[in-house]
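Enquirer: Chain residues, written in single-letter form:
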Amino acid sequence: MREILSELNEHAGVKGSMVVTEDGMIVASALSKGLEQETLAAVSSMMIQTAKKSLDSNLHRIIMTSSHGKLVLEDLGNAYIVVVTNSYINLDVTLIEIQSAGRKIRARERKLEQPPLQG
Amino acid sequence: MGFFQRLKQRSELRRVRRDAKEFPTPLIFVNLIDKLVECEQVEEAETVAKDALTRFPDSELIRTAYRRLMRLRNKEELKALRGELRRSADPLLYARLADLYLELGEEELAQDLALSAVEKFPQSDGNYIVLGKIRARRFAVSHQAKDGFLSIQYFERAVELNRDNYRSLLTMAEILVEVGQRTRALQVLEQILRFAPNDPRARRLRERALRLPNADERFLEDAFRKYEDLYRRGEGHRYNGYSPAERFLKEPTLLKKKLAQFSGLEGLKFVVALAPGGKILASFTAPGERVDRLFLAQKAERLFNATEDCSVRMDLGALKHGLFDGGDTKIMIMRFDIVRFALFMTRAVKVNLLDRAVRNFLEHELFVN
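Top line first, the protein sequences correspond to chains A and B. Going by the working numbering, the first sequence runs without a break in its numbering and finishes at 126. Going by the working numbering, the second sequence runs without a break in its numbering and finishes at 1176.
Calculated from the structure, these hints are not laboratory results. By construction, the Cβ of each residue, glycine as well, lies at the ideal position given by its N, Cα and C atoms. Careful: at least some of the hints might be erroneous.
Claimed, not checked - Anything over 12 angstroms on all C-beta distances counts as not near chain B; from chain A, calculated:
1) Arg-9
2) Glu-17
3) His-18
4) Asp-30
5) Ile-33
6) Ala-37
7) Ser-51
8) Lys-59
9) Lys-60
10) Asn-85
11) Ala-114
12) Glu-116
13) Leu-119
Stated by the list, open to error - Just so you have them, the derived chain B footprint on chain A, three or more residues with Cβ under 8 angstroms:
14) 10 to 16
15) 67 to 81
16) 100 to 113
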């Protein structure tokens, strides 16, 4: 999973990414220097929980834009992929990359969940 | 380019110039900058861009246009400096390149470069100055305690390494006066006046500092926290004098009309404007929709608090906007100075149209009368 995140981080403007559960448990992370893993997990969990309460439904995605960076959270089913980018990234392109990374993570997860073949 | 095409371009430029005089909004300034570049009047475009950045320091559109233009103007110098740095890793070169990035509006690149330089060359003052300047600029727009406090820390380190660092000392004193730290500011100003006793800026600043009450906070961080708190509550004054939302606090009826402009947005249910503290300033409910205004305003307030906290803790600067997508429901929150807006929508909303409407609202509508 870390490999998929590292590959995503190679995309221009991406500073780091992480897979985190709703209650803030870190599944995997690949963050550049200056980004604190525990802080990102904690704020992501807080954002997910607040957003779910406010939306009264599932949460598919959050896109937060601040003066010096952006944060994207995307639903993976059992967890969320969180991506931190710089402020002048083209999100249209980056979102495609994030979705693609999400699909790969879900596929890997399904593979791991399959029972081993008998005989 | 043919004669008629040039003629058409010039007439368009005249029209945008007129618009910029009549409706000086970020969106129109960006149009003017683009038109000037198209007509190869790049020097004037730079002057307009700098003016626009001073008028609208918080505008995303202006910052992007400025960055694009400055990159174009300074392509060669950037290339040369990068080449020099590749040949010899010198702390002065790092500082020069980081400073150039900063002037070009590339704050994040400047910060990354200066941070890597202070790790390699901790005894060189130049990169601490750049880091101090970055945080000071951010503080002037965001009014966030973290930015102000860090700028002082970086400048202090630069002064430790070079006692006669005029610019660092002066900016430090300006910030300390701004947050009401009389004794601390006077100490810094004394340092300047020791080596530049007739400096008019330091003398003026000293007079301002002497008029402050003698009530420094024991810990400097607390002074910044109190300053940020006042700003968030809409009670403090603005460091940069930029207060475009103040008129809406005084006359919320102005906002009501502006919110109604979202009525054309398919899928919109409700939009609300909140004053600092969460009080409803104005709202608009789409025809045929029945909503509990107070309940939705409280939801918006909670979302704002969580998102702003996230932005500060992740050191991403001041929150601009956020989109929360739940499939059937979508919520967009956005900040304009100290007024906060939230749009509640159904799945029918098209995100590209929403983006366009929000950009037009934040970068144009809220500035016109």
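Enquirer: Each hint: holds or not?
Expert: Hint check results:
| no. | hint | in the structure |
| --- | --- | --- |
| 1 | Arg-9 | holds, 21 angstroms |
| 2 | Glu-17 | holds, 16 angstroms |
| 3 | His-18 | holds, 16 angstroms |
| 4 | Asp-30 | holds, 15 angstroms |
| 5 | Ile-33 | holds, 15 angstroms |
| 6 | Ala-37 | holds, 16 angstroms |
| 7 | Ser-51 | violated, 8 angstroms |
| 8 | Lys-59 | violated, 8 angstroms |
| 9 | Lys-60 | violated, 7 angstroms |
| 10 | Asn-85 | holds, 17 angstroms |
| 11 | Ala-114 | holds, 22 angstroms |
| 12 | Glu-116 | holds, 21 angstroms |
| 13 | Leu-119 | holds, 27 angstroms |
| 14 | 10 to 16 | violated (count 0) |
| 15 | 67 to 81 | holds (count 12) |
| 16 | 100 to 113 | violated (count 0) |
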